[in-house]
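Participant: All chains, please: the whole structure from these sequences, using the hints.
Note that the protein sequences, when read in sequence, are chains A and B. Per this note's numbering, the first sequence starts with residue 16, numbered consecutively. Per this note's numbering, the second sequence starts with residue 43, numbered consecutively.
The hints are simulated quantities; they were obtained by calculation from the structure and are not laboratory data. Even for Gly, the Cβ is constructed at its ideal location relative to N, Cα and C. Treat the hints with care, as some may be off.
Below 30 Å or equal to it, Euclidean Cα-Cα: the simulated DSSO-like pairs (lysine-lysine) are [as the list claims (entries may be wrong)]: (1) A:K206 with B:K75; (2) B:K174 with A:K23; (3) B:K57 with A:K206; (4) B:K50 with A:K283; (5) B:K140 with A:K23; (6) A:K206 with B:K61; (7) B:K335 with B:K309; (8) B:K293 with B:K275; (9) A:K17 with B:K177; (10) B:K57 with A:K275.
Far from chain B, some chain A residues (derived; all Cβ distances over 10 Å) [as the list claims (entries may be wrong)]: (11) W18; (12) I19; (13) F44; (14) F48; (15) K63; (16) D81; (17) I152; (18) Y160; (19) A162; (20) I176; (21) I180; (22) G253; (23) F260; (24) F270.
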Amino acid sequence: MKWIGHVKRVYGGFTRAGAQGAMAYKFNFLGFFVGESLYCFVMYFIWKAVFEASGESIFMGFTITDMTLYVFLANIVGFLTNTDSTQMLAEEIREGNIIMRMIKPVNVDMSLLATEIGDKVVMSAFIFLPVMIGVEIYRYFALGYVAFNILMFLGFVVSVILSYILAFYLNLIFGYLAFWLMNIWGFSILKGSIIKFFSGSLIPLAFFPDIVGKIFEQLPFASMVYTPVMIYMGKLQGMDLLLAFGKQIIWIIVFIAIAKLIWRWAEKRLAVQGG
Amino acid sequence: MSNMIQVKNVSKEFKKVIKEPGLKGSVKSLFHKKTEIVKAVDNISFEVEEGEVLGFIGPNGAGKSTAIKMLTGILTPTSGEIIINGQVPYKNRKKYVKEIGVVFGQRTQLWWDLPLSETFTVLKEIYQIEDKAFKQRMDFLNQVLDLEPFVTSPVRTLSLGQRMRADIAASMIHNPKVLFLDEPTIGLDVVVKDNIRKAIAEINKNEKTTIILTTHDLSDIELLCKRIVMIDKGKKVYDGDLDHMKEKYGKMREIHITLKSDNDINKLSFAEKFGLTGDDIDIALDGKKAVVKFNSSKAQVSELLSYILSTITVKDIAVGEADIEEIIRRLYKGNENDETAHGNAAAVEA
Ligand SMILES: Nc1ncnc2c1ncn2[C@@H]1O[C@H](COP(=O)(O)OP(=O)(O)O)[C@@H](O)[C@H]1O
Ligand SMILES: [Mg+2]
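Facilitator: Structural data, given as structure tokens:
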């Protein structure tokens, strides 16, 4: 296990640099925060209308309180696991700044990951915590008791971290595709829609017809939003919980392997611009 | 002494996409891209001994940066072989770069938003330097590059000269055996340039670091390098002693004159007075400004100056050295006329 300490030492610097970089621009979050909150409230009112129209108080195992929680959590998870690795990589290759990573004894992907994690930690402090507290206050008034469960919360945190790493490598693979396709714009819009739909960030996967939902749950996209949210809400327990973690980890390993293979191929064909 | 750097028949080609103009061209290029091959480095070979400082010079676009990128493991050569410090740079990049230092003058490896000292702390971890060795190293770099006054400032607030000093320090923090400096003085003013050159010379003297330094500014080379490799359009055109090259091709000097009246220039006869004819002299006139380029091994600068000043009235007069383009021009000429050129002037197709 010595290598863990080694990795922490070598890449910890990138993380700290990423965090300090983010601190320098912390007010940029503010506009983002307002926009995302508005989106959540719109979703909330849509689902409220759906529940009222259906005339039932429980829909596919979700109460309106669950649904509200789901909307806010899915959004915050989507936000936390959102990664710019594709754009970061494409831009670094185009502008040649990737050189600065390549002249150091580090993996390019790991150093990009470490930098972005630093950024995420700062963002979490500024956005995630306030939203969390808001959600819990809402839950208290809706249910009349404190539903917060520290174990589920810790499970959620671990799951979000796994989600993020998964999203990062999936995104990186898309970035590498830019080597062939040059223009990744149309591609990344398609990717965005696919993730939004299959990850459960638009509609909980439990709402799909039985078989379809089950299939979706096996796909890597489900591991990216649906899984951590369900853990937070306490809807995954015992074996289901372990299974969910297992799935996340397997997908991460698969994606890292694919990304490494592509990078090994691409590194030899890089044409870094600029002097 | 053993060779630290061996470069054998190395070439690098880039595929460049040719864009056809207009919307039709854009649509067409979606399906079928027309490409053209650019040979940025063309069959270059040279060797560098341990502890040597090699000047790698050539005009803009000659292929210097591309060559450095291959030497540092960033780019893989299209063909040819490179062995540095017993390793092939592009084979095991992560291992190889542990023992080299790199500075690209036009970009920075410092963390833009962090205080400079933080960059060094991060690098300490990346290279896994012990506390004690790190402290000694910082002391040495501080003394040579004088970082103290701005070590706590965020990098984005540093002046270009300070940033370059810091970048060189960052590239040296792990005691590299080979140092690659790509245009380390670009954009700096004369005093700062001079400081940087002195620091590089001191590092080489103290640590026996093998250094390759690229530049398009000949004055960089004078203080630092005995030997130069000159490239032009990707090809090596000269490899040898700096003094020899200057003697042979670089003796051109320029006298810039601002005339009182344009006709005055015709009153000067350098051919008659100094025997300067043909390639040894070139006079260009632009309005009232005249540039007289001449071979200073055939006539003394001071003699020309006093001749000019005693023959005509001038508003202003200044003396300059010929630039690198001029030297290359003469190099081609020299090779055409003189096949037995010494200093290993490489064969060139004119
Ligand atoms: N990634 C690239 N793709 C296409 N052409 C390139 C690329 N990088 C460099 N070139 C071309 O190769 C030539 C040499 O460039 P460079 O090595 O940067 O020259 P220098 O550093 O001597 O100014 C130039 O003509 C440049 O346009
Ligand atoms: Mg260059």
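Participant: All hints are to be evaluated individually against the structure, with a verdict given for each.
Facilitator: These are the hints, each one checked on the structure:
1. For the given pair, K206 (chain A) sits about 25 Å from K75 (chain B) by alpha-carbon distance, which is consistent with the 30 Å threshold.
2. Distance hint between K174 (chain B) and K23 (chain A) is fulfilled; the C-alpha atoms sit about 21 Å from each other, no more than 30 Å.
3. Taking the CA atoms of K57 (chain B) and K206 (chain A), the gap is about 28 Å. The hint holds against a cut of 30 Å.
4. Taking the CA atoms of K50 (chain B) and K283 (chain A), the gap is near 19 Å; set against the 30 Å cutoff, the hint holds.
5. Between K140 (chain B) and K23 (chain A), the direct Cα distance comes to roughly 18 Å. Compliance with the 30 Å bound is thereby established for this hinted pair.
6. A C-alpha spacing of about 27 Å is found between K206 (chain A) and K61 (chain B), which places the hinted pair at or below 30 Å, so the restraint holds.
7. Note on K335 (chain B) and K309 (chain B): the hinted pairing holds, with a Cα-Cα distance of about 17 Å set against a maximum of 30 Å.
8. Proximity of K293 (chain B) to K275 (chain B) is assessed by CA-CA distance (about 23 Å); at most 30 Å being required, the pair is judged to hold.
9. Note on K17 (chain A) and K177 (chain B): the hinted pairing holds, with a Cα-Cα distance of about 25 Å set against a maximum of 30 Å.
10. Pair hint K57 (chain B) plus K275 (chain A) holds up; C-alpha atoms about 24 Å apart against a cutoff of 30 Å.
11. Listed as outside the interface, W18 (chain A) is consistent with that label: its C-beta sits roughly 13 Å from the nearest C-beta of chain B, beyond the 10 Å cut-off.
12. Distance check on I19 (chain A): its Cβ is at least 14 Å (rounded) from any Cβ of chain B, clearing the 10 Å threshold; non-interface status holds.
13. At roughly 16 Å, the least C-beta separation between F44 (chain A) and chain B is larger than 10 Å, which holds for a residue marked as non-interface.
14. The Cβ of F48 (chain A) sits about 21 Å from the closest Cβ of chain B, beyond the 10 Å cut-off, so the non-interface label holds.
15. Residue-level check passed: K63 (chain A) sits 43 Å from the nearest beta carbon of chain B, beyond 10 Å.
16. For D81 (chain A), the non-interface assignment is confirmed: its Cβ lies about 41 Å from the closest Cβ of chain B, beyond the 10 Å cut-off.
17. The beta carbon of I152 (chain A) sits about 35 Å from the closest Cβ of chain B, which is more than 10 Å, so the claim that it is off the interface holds.
18. Non-interface call for Y160 (chain A) relative to chain B: holds, since the shortest CB-CB distance, roughly 45 Å, exceeds 10 Å.
19. The claim that A162 (chain A) lies off the interface holds: its Cβ sits roughly 40 Å from the closest Cβ of chain B, which is beyond the 10 Å cut-off.
20. The beta carbon of I176 (chain A) is kept farther than 10 Å from every beta carbon of chain B, the shortest such distance being approximately 22 Å.
21. Residue-level check passed: I180 (chain A) sits 21 Å from the nearest beta carbon of chain B, beyond 10 Å.
22. At roughly 41 Å, the least C-beta separation between G253 (chain A) and chain B is larger than 10 Å, which holds for a residue marked as non-interface.
23. Consistency note on F260 (chain A): stated as away from chain B, and its beta-carbon is indeed over 10 Å from all of that chain's, at 30 Å minimum.
24. No beta-carbon of chain B is positioned within 10 Å of the beta-carbon of F270 (chain A); the least distance is around 21 Å.
This entry satisfies every hint, going by the numbered hints stated previously.
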